[in-house]
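**Student:** If you read the sequence shown in this note's numbering, its first letter stands for residue 16, the second for the next number, and so on.
If you're looking for bench data, these hints aren't it; they were derived computationally from the structure.
Calculated cross-link-like contacts (lysine-lysine; reagent style DSS-like; alpha-carbon spacing at most 25 Å):
| hint | residue 1 | residue 2 |
| --- | --- | --- |
| 1 | K73 | K86 |
| 2 | K73 | K165 |
| 3 | K128 | K111 |
| 4 | K210 | K80 |
| 5 | K210 | K78 |
| 6 | K165 | K216 |
| 7 | K215 | K165 |
| 8 | K216 | K81 |
| 9 | K172 | K193 |
| 10 | K157 | K215 |
| 11 | K128 | K101 |
| 12 | K78 | K184 |
| 13 | K214 | K165 |
| 14 | K210 | K157 |
| 15 | K157 | K80 |
| 16 | K150 | K216 |
| 17 | K150 | K80 |
| 18 | K100 | K111 |
| 19 | K81 | K150 |
| 20 | K210 | K73 |
| 21 | K214 | K73 |
| 22 | K78 | K214 |
| 23 | K81 | K184 |
| 24 | K165 | K210 |
| 25 | K80 | K216 |
Treat the numbers as computed from the prediction; the structure is a model and nothing was measured.
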Amino acid sequence: MKTISTVLSVLAFIGVSILFAMQFSNKKDTSKTKTSFAAPVKGGGRIAYIDIDTLQNKYELYKVKKEEFTKRQAAAEAELESSAKKMQSDYESLQKRAQAGSLSQSEGEAAQKRLYQMQQSLELRRQTLSQQLIKDQEAFNKDFQASLDKLLEEYNKDRGFDYILSYAKGGSILWANKQLDITNDVVEALNEMYKNEQKKK
Numbered sequence: 016m017k018t019i020s021t022v023l024s025v026l027a028f029i030g031v032s033i034l035f036a037m038q039f040s041n042k043k044d045t046s047k048t049k050t051s052f053a054a055p056v057k058g059g060g061r062i063a064y065i066d067i068d069t070l071q072n073k074y075e076l077y078k079v080k081k082e083e084f085t086k087r088q089a090a091a092e093a094e095l096e097s098s099a100k101k102m103q104s105d106y107e108s109l110q111k112r113a114q115a116g117s118l119s120q121s122e123g124e125a126a127q128k129r130l131y132q133m134q135q136s137l138e139l140r141r142q143t144l145s146q147q148l149i150k151d152q153e154a155f156n157k158d159f160q161a162s163l164d165k166l167l168e169e170y171n172k173d174r175g176f177d178y179i180l181s182y183a184k185g186g187s188i189l190w191a192n193k194q195l196d197i198t199n200d201v202v203e204a205l206n207e208m209y210k211n212e213q214k215k216k
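Using the sequences and the hints, build the whole thing.
**Tutor:** Listed below in structure tokens is the structure:
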């Protein structure tokens, strides 16, 4: 049986990293947030960056969603594994009866049909679980992108950065000047936004 482990294990973790690899366009700011940010470093150019590892470790919503998707992945795998074991057990029982000569042709055909239906149901369930996780991940990515765009528009209003890049160990950027790191500012503001949203619920 083809496991969904490879597909599902990626879903809970790739969303935020992919989002930061994009170049953010300058849009008209509509945010009313009063979050105070640190002043830009003089002589630091018109580029800033966000450390992905730090963001993932400190952004509360990301940590919540990561745990949620991990639990859902584990539950899906357990469900499919249980169904697969049941199907395997039925197959082995059928095989033993056939070898012992205690299985009629009609019984064998009926059992074979039932096992085939179980296999089809299992595959359909696997696809359903995978597609639902993908759908939920895409929804999270979309919401996060909107929040990040809004935040960076506010952040960049009086800074004039031309680019806000993502930095991650092993990525395409081999070295980054710590003075251009705005991760803590961004994480602090994102967590404040998340905290305020939770209070409204």
